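Enquirer: Take a look at the letters that make up each chain.
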Amino acid sequence: MEKLNFQFDSVPASLAANPALCGVVGSGNLEILIKTGIEPAVCRVSIKTSARGFGETWRAVLGEFAANHPAGGTVIAINDMGATPAVVTLRLAQGLAEYLGGAQ
Amino acid sequence: MIPSLASRHSWFEATARKRIAGLLDPGSFVEILPPAESSPSPHLAKLDLPGAFDDGIVIGCGQLEKQPVFIAAQEGQFIGGAVGEIHGAKLVGLLKRAAREKPAAVLLLIDSGGVRLHEANAGLIAISEIMRAVLAARAAGVPVLALIGGSCGAFGGMGIVAKLCSAILISEEGRLALSGPEVIETVAGVEEFDSKDRALVWRVTGGKHRYLMGDCAMLVEDDVSAFRAAATAFLADWQEPAPSVGLLRATQRQLENRLTAYGAYRDGLQVWAALGVAQPETVPLLDRDSLVALKEGLPT
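Protein chains in written order, with the numbering used here: chain P, 7 to 110; chain V, 27 to 326.
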């Protein structure tokens, strides 16, 4: 297992459903828990992943997410069982939509 | 798209949370120890494995057709729905609370291979505590209903737990047994049981076989709303019997008779023929309604 921590600047999110959970810790999948943090323009992410050595890939995927979505003021915890970047991107968008009050 | 397919929600494919959402009255579910308040397994962390926030089980209270029920759903995608220490403690706590607060029923959405081997003794102890708690809830007059239809079925310790419940509702996709197919093959050899033979596995452990044998009260379509309708219908007619030695003795006699009658057979096909099914080879192809009709026509 590898533990990774990142933080990105992001447009502040408007809170609706705190906390929000999506996904399952299954093979090729991951679960994402989004909670409200204390810094309104920062998105903090902590990851526990079974796949070692993909820190830079995580940074790229999460950086793009934080740049393209209003994810400021959130603390995101991820348990990962080898999800591909495409699945991670999908789950992040899904989790944030739920956090912002959108339907699944 | 065919409308009937669009409106169908497979129980087999749904996650634990989706099953709960579709089973209970909309919006009635209140989770106990939700992911943000729960903690992942410390044992998995020591083994350098990522855990799940809810440790692979969702528990809480809700309503089924306006009746208050407690509910627990195992997530089969997370380590095969296996029971670890926290996972087990959540289920035991729910059952103990049920014995005190007496909801109309406890619904156990089982999807598990049994004990989580990573947690060894803690998992084994958890299973025995769950068994005791199921019996305590039933002794307090609260029906405990097992719903089986996930990809992991109900095996090992959770197979035992299922059989301790008031009744089992199962889909064709569901499986119920003690030792899993791979375990039997590993221990006794491929001549004894070929776990790669999926059709054989289902003929011996699958929902249709369990229903024909009388191990399960109802056979249900692989559909979330079908499970909801079946659980509602079952509970409407069910009165939890008071525990009695007479009842246990009768069950014991039934099981002994069953072993005498079918113990030598090696395949569901042989058992079904002995049950009086005229064309046992057609059973795996029958749809749910036809199979229920077939069972109702069998000699008792």
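Because the hints were derived from the structure by calculation, they are not lab data.
Keep in mind the model is a prediction, meaning the values are calculated, not measured.
The beta carbon of each residue, even a glycine, is placed where N, CA and C say it ideally should be.
A portion of the hints provided could be inaccurate.
Part of the chain V face toward chain P, derived, beta carbon under 8 Å [unchecked claim]:
1. Phe-38
2. Ser-65
3. Pro-68
4. Asp-74
5. Phe-104
6. Ala-252
7. Ala-255
8. Ala-259
If we take Cβ atoms under 10 Å as the criterion, some of the chain P residues that face chain V in the derived model are [stated by the list, open to error]:
9. Leu-21
10. Ser-33
11. Ile-53
12. Lys-54
13. Leu-106
Enquirer: So, as I understand it, the hint says Ile-53 (chain P) touches chain V; can you test that by seeing if any CB pair is closer than 10 Å?
Expert: Holds, about 9 Å.
Enquirer: Tell me if Leu-106 (chain P) is really an interface residue toward chain V, meaning its C-beta lies closer than 10 Å to one of theirs.
Expert: 17 Å, violated
Enquirer: Should the hint that Ser-65 (chain V) touches chain P count as held when the rule is a Cβ pair under 8 Å?
Expert: 11 Å, violated
Enquirer: Less than 8 Å between beta-carbons is the criterion; does Asp-74 (chain V) satisfy it with respect to chain P?
Expert: 4 Å, holds
Enquirer: Does Phe-38 (chain V) meet its interface restraint, that is, does its C-beta lie within less than 8 Å of any C-beta in chain P?
Expert: 14 Å, violated
Enquirer: Would the hint on Leu-21 (chain P) be counted as holding, given a Cβ-Cβ threshold of 10 Å to chain V?
Expert: 14 Å, violated
Enquirer: Given a cut of 8 Å on the nearest C-beta pair, is the interface hint for Phe-104 (chain V) held or broken against chain P?
Expert: 5 Å, holds
Enquirer: Given a cut of 8 Å on the nearest C-beta pair, is the interface hint for Ala-259 (chain V) held or broken against chain P?
Expert: With a minimum Cβ separation of about 29 Å from chain P (threshold 8 Å), the hint on Ala-259 (chain V) is violated.
Enquirer: Regarding the hint that Ala-255 (chain V) lies at the interface with chain P, is the smallest CB-CB distance below 8 Å?
Expert: For Ala-255 (chain V), the interface hint is violated, since the closest Cβ of chain P sits about 23 Å away, which is over 8 Å.
Enquirer: Quick one, is the Pro-68 (chain V) hint okay against chain P at 8 Å, beta carbons?
Expert: This hint is violated: Pro-68 (chain V) lies away from chain P, its Cβ roughly 13 Å from the closest one there, beyond 8 Å.
Enquirer: So, Ser-33 (chain P) near chain V? Judge it on the closest CB pair being under 10 Å.
Expert: 8 Å, holds
Enquirer: Does Lys-54 (chain P) pass the interface hint, meaning its C-beta sits closer than 10 Å to a C-beta of chain V?
Expert: 4 Å, holds
Taken one by one, the earlier hints fail for this structure at numbers 1, 2, 3, 6, 7, 8, 9, 13, listed in ascending order.
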